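Asks: As a plain string of letters, each chain reads:
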Amino acid sequence: MEDESEPMSAEESLALIARQSEQVRRELRFDPARLLFVWGVAWFVGWGLVYVATVGSVVPGWVGGLVVSVLFVAAIGYSAYYGTRRNRGIRGPSRTAGGMYGWSWCVGYLALVAINVKIGKLGLSEESTSLLWTGSCLLLTGVLYLAGGAIFQDRLQYGLGVWIILAAVAGVLVGYPANFLVLALGGGGGLLAAAVTYLVLARRGQRVRGRAV
Amino acid sequence: MGNQELPQLDPVIHAQARLRVTVALAGLCADEQITFPRLQQLLDMTPGNLSTHLRKLEDAGYVEITKAYEHRTPVTLVRLTPRGRAAFEEYTRALHRLLEVPGAGQ
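Going line by line, the protein sequences match chains A and B. Going by this note's numbering, the residue at position 68 of the first sequence is 385; the numbering climbs one at a time, nothing skipped. Going by this note's numbering, the residue at position 30 of the second sequence is 152; the numbering climbs one at a time, nothing skipped.
Just so you know, the hints here were simulated from the structure itself, not pulled from any lab data. Nothing here was measured: the structure is a model prediction, and the numbers come from that model. Warning: the hint list may mix true and false statements.
Covered by chain B, according to a simulated footprint, are these stretches of chain A (three or more residues, beta-carbon under 8 Å) [claimed, not checked]:
(1) 326-332
(2) 337-344
(3) 394-408
For each residue, glycine too, the CB sits at the ideal point set by N, CA and C.
Bound conformation, chain A alone:
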């Protein structure tokens, strides 16, 4: 067939291996930094804006709410797209675990929204409603990162879970409206810091791999 006629030199062969493995890594490997970055931006910008809208008079309150909703819907859509695209056409225990883990976020958050909306209608003050939402969202997020860390044997993700749970408690303790600031800086900032750490580790790993090839 096509290639039998053109012999490759050792250099060409190694270059082809490097090129092809890079392409495979790009298309099939699940990169945790990417989703952490997307969610970190959504939390940081969204909740930061809600905080600014709540304490100041520069940004109207509804703008903060709208931006947070749009950012979150976009982040959910992107996560689902990214996760299913990586897993498409590949079978294996870790892929099955990854799929189930992805659905855990979906199930957990749908239930959380249903519960919080119902409780919010029982006549809570604005302050209580706000603390209910920020506390429970951060707690669920933190617990899911703990689970992810345990499933994928990833200490960094587990550590992120612990950090987010601490932020959940801190947010409720500092009270309204500073809880939005904890959400933006502690939550969003924590996610962004984790994303950067993954990037640095990946870069270092690549250098080690480069030396090995």
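Once you've looked at the hints, dock chain B against the given chain A.
Replies: What follows is chain B alone, placed relative to chain A:
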């Protein structure tokens, strides 16, 4: 003279298309399989071409091809066997050794 001889490159792997197939499969975890269409899309090969090369890799025992049914639809799953992975590792080692030999091929 045994050690002085040029390392032999595995002819099953040392062909552009089959090398690309092997590298793609080696990029998956040992317990993972990939469907034929996904592999085809990943490598941008025609089905006929990919089948031909997969058969050669299968004949050498480097690749395992399983036909299964998922939701009543037939799927073809491909994975690198431990033997295939070992052969690929040996192949890359041989490439490096070749580059270390000054004036290789003389």
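Asks: With reference to the structure, classify each hint as holding or not holding.
Replies: Here is how each hint holds up against the structure:
no.	hint	in the structure
1	326-332	holds (count 4)
2	337-344	holds (count 6)
3	394-408	holds (count 4)
Violated hints: none; the structure is consistent with every hint.
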